[in-house]
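S.K.: Going down the list, the sequences are from chains A and U. Whatever position you read off the first sequence (first residue = 1), add 3 for my numbering. Whatever position you read off the second sequence (first residue = 1), add 14 for my numbering.
Just so you know, these hints were derived from the structure itself, not from any lab. A hint or two may mislead.
[As the list claims (entries may be wrong)] Here are the simulated distance ranges between beta carbons:
no.: 1; chain 1: U; residue 1: Val178; chain 2: A; residue 2: Pro18; range: 22 to 28 Å
no.: 2; chain 1: U; residue 1: Arg42; chain 2: A; residue 2: Pro211; range: 33 to 39 Å
no.: 3; chain 1: A; residue 1: Pro256; chain 2: U; residue 2: Lys172; range: 38 to 44 Å
no.: 4; chain 1: U; residue 1: Ala64; chain 2: A; residue 2: Pro211; range: 48 to 54 Å
no.: 5; chain 1: A; residue 1: Val261; chain 2: U; residue 2: Leu117; range: 48 to 54 Å
no.: 6; chain 1: U; residue 1: Val171; chain 2: A; residue 2: Lys118; range: 20 to 26 Å
no.: 7; chain 1: A; residue 1: Lys185; chain 2: U; residue 2: Leu309; range: 25 to 31 Å
no.: 8; chain 1: U; residue 1: Ile184; chain 2: A; residue 2: Val261; range: 29 to 35 Å
no.: 9; chain 1: A; residue 1: Val261; chain 2: U; residue 2: Val178; range: 33 to 39 Å
[Stated by the list, open to error] Just a sample of chain A residues kept apart from chain U, beta carbon distances all over 12 Å, derived:
no.: 10; residue: Leu41
no.: 11; residue: Ala96
no.: 12; residue: Met134
no.: 13; residue: Asp148
no.: 14; residue: Arg155
no.: 15; residue: Lys191
no.: 16; residue: Thr208
no.: 17; residue: Pro211
no.: 18; residue: Arg214
no.: 19; residue: Leu224
no.: 20; residue: Val248
no.: 21; residue: Arg251
[Unchecked claim] Here are the computed lysine to aspartate or glutamate pairs in the DMTMM-like style, where the Cα-Cα straight-line distance is at most 25 Å:
no.: 22; chain 1: A; residue 1: Lys58; chain 2: A; residue 2: Glu23
no.: 23; chain 1: A; residue 1: Lys204; chain 2: U; residue 2: Asp55
no.: 24; chain 1: A; residue 1: Lys223; chain 2: U; residue 2: Asp55
no.: 25; chain 1: A; residue 1: Lys43; chain 2: U; residue 2: Asp55
no.: 26; chain 1: A; residue 1: Lys185; chain 2: U; residue 2: Asp72
no.: 27; chain 1: A; residue 1: Lys185; chain 2: U; residue 2: Asp58
no.: 28; chain 1: A; residue 1: Lys43; chain 2: U; residue 2: Asp58
no.: 29; chain 1: A; residue 1: Lys204; chain 2: U; residue 2: Asp58
no.: 30; chain 1: U; residue 1: Lys172; chain 2: A; residue 2: Glu12
no.: 31; chain 1: A; residue 1: Lys118; chain 2: U; residue 2: Asp55
All values reported here derive from a predicted model rather than from experimental measurement. Every residue, glycine too, gets a C-beta built ideally from N, C-alpha and C.
So you can see what is in the structure, the chains are spelled out below.
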Amino acid sequence: MAVPQPLREELRRDPNLVVEIGTEPVRHSFILQTRNPLLKNVKLRQALAAAIDYKSLVEEITNGLGHANNSPVYQTSRYYGPVEKQGFAYDPAQARRLLQEAGYKGEPLVILTNKRDSMPNYSAAVFAQQMWQAVGLNVQINVLDWATQLDRYNTGNYMIEAFSYSSRFDPALGLEQIVGPKDTQPRKVWENPRAIALTTKAMQTTDPRARQEIFDTAHKLILEDVPMIFTHNAVSAVAHNKRVVGVRPWAAPTFWGVGKP
Amino acid sequence: MLRFILIRLLTAIPTLIIVAVTVFVLIRLIPGDPAQLMLGDLADPVSIAALRHQLGLDRDIFVQFGLWAGHVLELDLGRSITTQQEVLPLILTRFAVSVQIVLTAVLLASLIAIPAGTFAAWRHNSRVDVATVATATLFLSIPTFWLGLLLLLLLGVKLGWLPVVGYVSIADNPLVGALYLIMPVLTLLLHESGSLLRMARASTLEVLRLDYVTHARAKGLSEFAVLRRHVFKNAFGPSWTLIGLLLGHLLGGVAVVETVFTVPGLGRLLVEAIFARDYPVIQGCLLFVGVAYVLVNLVVDLCYPIFDPRVAAS
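Modelling step: build the complete structure from the supplied sequences, incorporating the hints.
M.R.: Here's what the structure looks like:
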């Protein structure tokens with residue numbers, strides 16, 4: 004059975020049970036509206052990325068169970084390699100320099116978030132707000148109900164949203180969720196023509212090595228362009244009887260690899 | 015009497031029509047719709063349009079309202095968009111849970127607060143009066159969610175006397191079910207006692223100042239007889255009105271209390287439906303609440319002559 008966070012320690016004490024912790028392809032992020040008059044400035048977006056201490060943020064949100072991941076490729080994917088492990092560098096001094104270069108003068112930035120129990124969007128927004136304020140950004144949080152936030156996402160009506168993307172097993176589909184022209188699909192976050200070309204290519208390529216190159220390139224590009232900031236993948240837990248081995252937390256039911264010890 | 019009931023029911027129809035139209039329109043003005051929510055981040059415009067078509071949300075709003083209203087006249091409130099359950103049985107199931115809590119709480123609150131308010135008025139400006147009013151004001155001032163959390167902490171977590179989370183129906187297990195209802199009932203009881211007590215005290219004070227009370231005392235009646243025969247019957251009217259208003263208001267769902275204690279009542283159903291933009295459930299719940307409100311107040315009005323013969327005469 005899937006285990007809610009508060010029950011994990013209690014179940015760990017049961018001698019008949021094993022609690023397994025793992026990550027899923029769900030990706031938690033901050034999406035930035037690149038058409039916003041302020042956020043269209045790439046230096047400002049880079050400053051936002053440099054101001055976040057991802058290790059602390061993810062540890063706090065996941066009770067020390069998760070790991071930062073700034074890549075659109077999820078951590079347990081076969082395409083999550085050495086390139087994807089290189090995320091944003093936490094550098095407050097660099098963030099302040101970038102803010103100066105961007106000509107930022109304290110204009111307010113608003114994070115839209117929600118308080119769904121199943122997603123850490125609110126906690127993420129609060130931690131990020133503190134870190135952004137620490138480098139001189141004027142950041143406010145606006146809590147909405149999920150339906151309203153989703154509507155704002157679908158219409159592109161936001162500056163920053165604390166947003167979580169559902170699981171896509173193929174990273175090409177993970178890219179497709181975010182990449183595309185905003186004129187025809189306002190929900191799309193990243194409309195860089197290179198990203199669109201890479202996503203189209205990933206959809207048409209079957210060779211794993213060629214696909215790895217595509218995802219590596221897309222990862223490097225997203226770190227430069229910062230249309231959004233992926234923070235981490237969802238942490239999940241399953242509890243099972245000790246008489247069973249091979250059960251791993253996953254976004255879908257486990258159909259094979261499970262047996263007796 | 016029958017004519018009075020018919021007139022009251024007929025005059026409620028415009029109110030219910032206004033409720034139905036307002037809810038129907040307002041819920042559609044809120045950003046977000048069920049199609050978007052069901053698709054989540056999968057929602058490309060084509061998929062949203064297809065699902066909206068499937069759900070009938072792309073039709074003209076007048077057509078949607080006409081269809082819904084036609085079904086309502088046949089007592090068919092439709093099906094939930096998210097769970098596909100029929101709305102009316104769903105509402106009735108949840109309403110039964112809310113009714114248990116609300117009726118018990120209001121009954122107990124009336125039995126405690128009205129005698130206490132009457133007594134406080136009789137001992138006007140004494141220490142008892144001040145203490146009673148202060149206690150009532152305190153409970154009235156504490157928001158129900160906070161009071162509920164304090165009770166959870168004390169009776170559930172610290173003392174471990176009552177279950178903290180979950181719900182067992184009284185129909186399934188009367189004893190355990192009752193344990194789950196104690197804290198929600200207690201929360202409502204304490205909160206609603208405040209307003210009832212203050213109303214009972216104020217109306218009793220007014221009556222105590224009237225000449226016929228002085229006359230009754232001058233006749234040599236005992237204070238108990240004066241209070242019971244001459245004061246209480248005349249002072250009870252406003253409290254009875256308030257009980258009717260409270261019942262009507264609370265039967266519409268005590269969403270906050272139900273959420274704090276994870277009770278699957280009507281209020282929680284409505285809140286969940288609003289978050290899910292489940293239009294048929296929202297419309298059904300609010301129409302049902304409107305009808306319940308009208309009926310409760312009708313029953314309250316019909317009971318007036320029992321306490322005040324002048325009403326029957328008029």
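S.K.: May I ask which of the numbered hints given earlier this structure violates, with the numbers listed in increasing order?
M.R.: Numbers 2, 4, 7, 8, 13, 14, 15, in rising order.
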